[in-house]
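Enquirer: Residue strings, one per chain:
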Amino acid sequence: MAPELHTIPGHRAVETLVAKLRRRQVVGSREAALETALVLRQVVSKARFTNIQQLIAVIREVGRRLAEAQPKEHSVGNTVRRVLHNVRDEYNTAIKDSAASSRNVYSISKFVLQGQPRKHSANAAKSDARITLKENDPSDPDSFARALKPVLMEAIQDVLDELETVYDNVSKNAKDHIHSDEIILTIGHSKTVETFLKSAGHYRNYTVIVAETAPSYQGHEMARSLSAAGISTFLVPDSSIFAIMSRVNKVILGAHAILANGGLFGITGSLLAATAAREHSTPVVVCAGQFKLTPLWNLYHEYGALDFADPSNVLGFEDGKLVERVDVVNPYYDYVGPELVDVFITNDGDHPPSSVYRLIKETYDDDDHEL
Amino acid sequence: MVPAPILDVHPPNGPATGEPSSGQPKSQKAMTKAERRELQERQRAAKAAKAAANGVNGKAPPKPKDQATPSGGSAKQKPGRASESQAKTPVPAATRAAEKAKAGQVAAATDAMAKSQARGLLIFSHFGLPKPVSAAKGDIHPAIVRLALQFSTFKITGANARCIATLTAFKTVIQDYVTPPNHTLSRHLMTHLSPQISHLVAARPMSITMGNAIRQLKLDISGTDFDLPEQDAKDALCHKIDTYIRERIIIADQVIQETAGNKIKDGDVILTYARSSVVEKVLLEAHASGRIFSAIVVDSRPMLEGKRLAAVLSEAGIQCTYLLLPALGSVMSEVNTVLVGAHSIHTNGAVYSRAGTALVAMMAKRHSVPVVVCCETYKFSETIQLDSFTKNELAPLGDLFSSFPNTKPRESLTLENKPNLEILNPLYDLTPPTCITAVVTEVGVIPPNSISSIPVALGRLL
Numbered sequence: 000m001a002p003e004l005h006t007i008p009g010h011r012a013v014e015t016l017v018a019k020l021r022r023r024q025v026v027g028s029r030e031a032a033l034e035t036a037l038v039l040r041q042v043v044s045k046a047r048f049t050n051i052q053q054l055i056a057v058i059r060e061v062g063r064r065l066a067e068a069q070p071k072e073h074s075v076g077n078t079v080r081r082v083l084h085n086v087r088d089e090y091n092t093a094i095k096d097s098a099a100s101s102r103n104v105y106s107i108s109k110f111v112l113q114g115q116p117r118k119h120s121a122n123a124a125k126s127d128a129r130i131t132l133k134e135n136d137p138s139d140p141d142s143f144a145r146a147l148k149p150v151l152m153e154a155i156q157d158v159l160d161e162l163e164t165v166y167d168n169v170s171k172n173a174k175d176h177i178h179s180d181e182i183i184l185t186i187g188h189s190k191t192v193e194t195f196l197k198s199a200g201h202y203r204n205y206t207v208i209v210a211e212t213a214p215s216y217q218g219h220e221m222a223r224s225l226s227a228a229g230i231s232t233f234l235v236p237d238s239s240i241f242a243i244m245s246r247v248n249k250v251i252l253g254a255h256a257i258l259a260n261g262g263l264f265g266i267t268g269s270l271l272a273a274t275a276a277r278e279h280s281t282p283v284v285v286c287a288g289q290f291k292l293t294p295l296w297n298l299y300h301e302y303g304a305l306d307f308a309d310p311s312n313v314l315g316f317e318d319g320k321l322v323e324r325v326d327v328v329n330p331y332y333d334y335v336g337p338e339l340v341d342v343f344i345t346n347d348g349d350h351p352p353s354s355v356y357r358l359i360k361e362t363y364d365d366d367d368h369e370l
Numbered sequence: 000m001v002p003a004p005i006l007d008v009h010p011p012n013g014p015a016t017g018e019p020s021s022g023q024p025k026s027q028k029a030m031t032k033a034e035r036r037e038l039q040e041r042q043r044a045a046k047a048a049k050a051a052a053n054g055v056n057g058k059a060p061p062k063p064k065d066q067a068t069p070s071g072g073s074a075k076q077k078p079g080r081a082s083e084s085q086a087k088t089p090v091p092a093a094t095r096a097a098e099k100a101k102a103g104q105v106a107a108a109t110d111a112m113a114k115s116q117a118r119g120l121l122i123f124s125h126f127g128l129p130k131p132v133s134a135a136k137g138d139i140h141p142a143i144v145r146l147a148l149q150f151s152t153f154k155i156t157g158a159n160a161r162c163i164a165t166l167t168a169f170k171t172v173i174q175d176y177v178t179p180p181n182h183t184l185s186r187h188l189m190t191h192l193s194p195q196i197s198h199l200v201a202a203r204p205m206s207i208t209m210g211n212a213i214r215q216l217k218l219d220i221s222g223t224d225f226d227l228p229e230q231d232a233k234d235a236l237c238h239k240i241d242t243y244i245r246e247r248i249i250i251a252d253q254v255i256q257e258t259a260g261n262k263i264k265d266g267d268v269i270l271t272y273a274r275s276s277v278v279e280k281v282l283l284e285a286h287a288s289g290r291i292f293s294a295i296v297v298d299s300r301p302m303l304e305g306k307r308l309a310a311v312l313s314e315a316g317i318q319c320t321y322l323l324l325p326a327l328g329s330v331m332s333e334v335n336t337v338l339v340g341a342h343s344i345h346t347n348g349a350v351y352s353r354a355g356t357a358l359v360a361m362m363a364k365r366h367s368v369p370v371v372v373c374c375e376t377y378k379f380s381e382t383i384q385l386d387s388f389t390k391n392e393l394a395p396l397g398d399l400f401s402s403f404p405n406t407k408p409r410e411s412l413t414l415e416n417k418p419n420l421e422i423l424n425p426l427y428d429l430t431p432p433t434c435i436t437a438v439v440t441e442v443g444v445i446p447p448n449s450i451s452s453i454p455v456a457l458g459r460l461l
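Residue numbers (numbering that gives the first Met the number 0), protein chains in the order written: chain A, 0 to 370; chain B, 0 to 461.
Here chain B stands alone, though its shape is the one from the complex (with noise of 0.2 Å):
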């Protein structure tokens, strides 16, 4: 038998019913009611609290007061406040709790309701907009601090560049890091480098370049010897990673500049989107081996990254032609190659790269002009993803590009939210391996629906 607690619960329906005046069954059963529901406010509590700690820490516990008082005068009210009188921990815990649950729940109603008003908004609320940089919990090496900055500035772009920044970045955290005792370097190094994988995640989500990149140095630390003293295991790592950045990276560039180069005729007309690393270098090396031949570069918002890819040709003598993307239609019927780049690669031969992309891809298949996409190898990803919307990024509001021309007024841009009207820059799209005829590799040309060789290829069983 329970001893029945000590306290004066009130029904939420108003005082006095089940007060223990009446008989004992009744009362009982009004205790046991009460019981039950102090259960289930002690869970909701748990999981109120739970759900503040994901929050921002610090501001749960002020907020049910801060709510309480404005939407006070409710019968709920009177009675918690009576029975935190009577200074039982675990009441008055409850029922804090209990008032910021039904807090929440009246806030989120109202939420609710502004949020069926523009239901028809919430189908793209999946894509999630990047949030600030928050102030850095944790030591946070400063390295990575500036990287985060600079990744959400969009000050670093590109899936090569941002793959290099981590890794180099990753270097230095290396080097500083110092084996506290009791630890081993390969199983603590992966804990001390996990909040700052974080930090950069916040900043700006992980290319697959970088996701890959970050799983082998993973590898390559648990792999470290035990014996080993701590500054050989640490150059061990940092030579690993400069192994990787040569190999992967620019060795397999110099590869693809030399094979695409080939596919480069005297003569021809080479169309290309945005600006990719790897499409530039062999536009430059196929030019400074004395090709002739001239380049469409086709370019939009949100980034209007063709702009530096067309004044980098244009200054080593490459014939420019410029234009974006919705003229595509008029200039295609004169292309014989469209060279693009990749963001990434997946299994089924897709191609997840700049927004834009495809609609390139897809009316040079139109013209039957042959699409080649330059792709280095650790670019590869073994999910499947069948459209651009299972995973994208969404470019922040506002100008950051400046990439509206002078010549239109700024009043006549719509350039932050308004009611009923919510504006998209997604930054990346999928192109379906039908539009795509073949995807130079440094480990070969591969046709689009052989690309889940690769990591055969690479002779690794993966």
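The shape of chain A in the complex, shown without the other chains (with noise of 0.2 Å):
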């Protein structure tokens, strides 16, 4: 039933990306989701189909691939939904009458029934264009394709746009959550995180501690980026994040992956900081976009996302003898529970960690939850 990959034209740049991500050479979440849009549109734009079954099942089939090849990578997945959302949304969009007043009513029975809230209604805009679509028309088989496909690139172009504009979103509202002479404590070395610093820096004069996060040492890289651009910095250890805790006025994270709970998976060492910070009464704000949302659950062990780094970047071979008698674990990221996070600063706004299954609702379809 699923269309097998070879035949799907455009394979060739997915079987490219399959390959980077399963050798690890795409590198960060915003860089594999962009790749991943890239793909899906070079895909969609090369398809053939006669209904729209046929395009989703293609879309379905090439995402799982790409998240097969990269399981611990959630953003691909995260985009080959969202464009999978888009998708759909067109479609409704185009082959519904222009009664466009009734879509916009929000109302419970259609939120009972499609257990789906009301759209944003920038997609009412688009259906301006009348569209006649003839499925599955034996005629001219193209003729569907042909008349979606515009409407369908625009909607990979939204989400091609919003990945790429991410950081100026997030970093928007910066100089309204930081104020003069705060002290903010970071771990390190989130792009978002450090957009949004830089930005309040415009504004405000005030000092940051970042903490070095071993055994990646990220934070030295967030240390020195930060003092070049004007902002007063301090580099501790992370035996220290407790000791200056009760200095520190806000703890501001990066997420590599919001899960549905409003939980999140962070480089190792946000769970120390977030629980610091819980101690000391300290809040909380995490800096994501949004394509870090995940429809998934971190049920079965307190781990992070089982993704273990080099174990020599903490006990290296220098150590010969110790190394052969001891167990060494290096675990990359940790598990954040949502109790110890006050807010996601997101490129579509701040919210609770206790509304981001309202988000993942309305930004994914149910169906696509298992791609």
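Because the hints were derived from the structure by calculation, they are not lab data.
Cut-off 20 Å, straight-line C-alpha distance, at most; resulting in silico cross-link-like pairs (EDC-like, lysine to aspartate or glutamate):
| id | chain 1 | residue 1 | chain 2 | residue 2 |
| --- | --- | --- | --- | --- |
| 1 | B | K407 | A | D309 |
| 2 | A | K190 | A | E161 |
| 3 | B | K407 | A | E220 |
| 4 | A | K320 | B | E314 |
In this text the structure is predicted, and so the values were computed from the model without any measurement.
Dock chain to chain to rebuild the complex, using the hints, since each chain is given by itself in its own frame.
Expert: Right, here's the structure in full:
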């Protein structure tokens, strides 16, 4: 039933991306999301389909391959789900009449029937061009695809635009979240957090304390970058997070993926910072793009995304005798529960962890949770 | 009527206005103004001289000259030079000191400007970085010099180790001490020891254990009998020092080993942080007595001491896991007991220990894992510290402990201060009493809110 990958036009681009993901040559969730969106755009532009189900099946097959290549990189699957959602949206908009008014009314019955609240009214604007769609037309099999493709490309372009402006949108209200002479604690090197802090640094004079984040020591990069931008920075080892927490006004973290219950996967050390903040009643702010929202739960274990990094960063071979006698654990991610986070600042606004489930319902379709 | 001094002091706003060529009241006013100014400058000179004496000796007098010449050309200098030629001793001293004070003010102004640019970085300025060990002032015993060097290069670390090393060095000092004539040993020995102690403190701030031990030593010294011949008195003191080490540290450790060892059952997973000498002994003793358990050693920069503990434990045959502090969340759910050591404990039950212990205790509390602190009673301190800032120590910058992995290229690491960037490596932190389950001492297992009763338990009313 599902189309074979090699029959899908544009499969070579997909294969390339699959290989890159498997070899971890794509670094960073935003990069992965961008590449996925580009590949999907290629696939959709070259696809031949006579009804919407065929197109959806093609996209899902591609998405499944990509997600399997790197299951720890959740942004790949999220982008696929996003594209599917937008495609379905456009299709529904195109085939309905211009009874746009009924669609914009928020009704409980619609909510119960479809399981989805009112869509954003941005989609209604596109329905101005009325497209006559003939599905499964035997005489002109490509008419359906031809008619629908322009709107689909627009939809995918939307996703790409959103990905490209993630940093700017997250930092839009940075100066409202940070005020003068505050002391902010952050860990790791998240580009979203970095842009957020630098944008606030244009308006406010404050101090940032960066924890080193052993064993990747990404904190060093972050500290150098922030101090070069003119923000007073301190670099401290992770051991002193509790010690300095009494002076810290806010903790700002980045996320690798935001889970459906409002928790998140972050770089190892995030749990320490968030727990210490909770002990001192310090607010914890997470800056992440919406493409990191994942319809996934961390049910089975307290570990992070089960991704372990090279143990020689913890105990190298220069301690040869020790290496053969002790076990070394080097997890890459931490799971931070929703009770430890106060707000998620995304490119789509600020949300508390308790409303993440609603965001996921609005952004993705229920059928796509399992690709 | 005070006779007016015969001098020609010009007011700083320009010469010649306050000249005695004007009428008597005006010149008197000018003179008295000058007198007042001179008094002010003399006071300022005295203050500056005191400050100069506290600073490096021998640099103060040439400094104003050096600084006066670059900043020369101002009207302040000319009257100063002019009146110097008058050869009145208080005046040149006053004006030279005035120059120094003004030059110091100019320097301070530029300093303040630079500081205001990095004003956010001043909030931790009270920590104070360790100063390099200067050349020994006065006669410091070579054993103390060696010890200070070992402290400042972190060759000897750990509260117990430092205390034992200090007391052993003091034994040598006492044995080599000779009471000068017309002095008693009990009075003069203390003044003899004071510069030695200051030298050690300059190398690295004193630990509570050292402080308590030295206080006990001073008590013993002042209690020596006048009539004892000198060698006997010295022997008695050394004997007292030995007793102190044996009773308060060595035997106390043995009692703690047994008591804490009883908390370890077969099949347990014990977590410990960094390297505590007491916990090391407890684990080795428990293993030697046949209990089967595994240990998780958590370690962190800046000192990365846990590696040595892992080496010792694994050599003894204990199954060890080694990980860095951020990975703590992933293993805490499997841990049965957390055993940590302490640098000192306070009256309210807070534990002052290696930086990172507070994080371990906090995570253990979140997972309902008991936190047991192994601590001898001589580490008890009567002060109460509310957070880790009141008293802390910063490790020197740079890779002193070679704590970065070799796999990381050195260029990607920030090892020294840059503009707008300051590196802080606090060595200690304070674990609040709420995160601690029990403290094992040689007088018993005590809950944290009863720590204030330790002096009573020791039979002493402190």
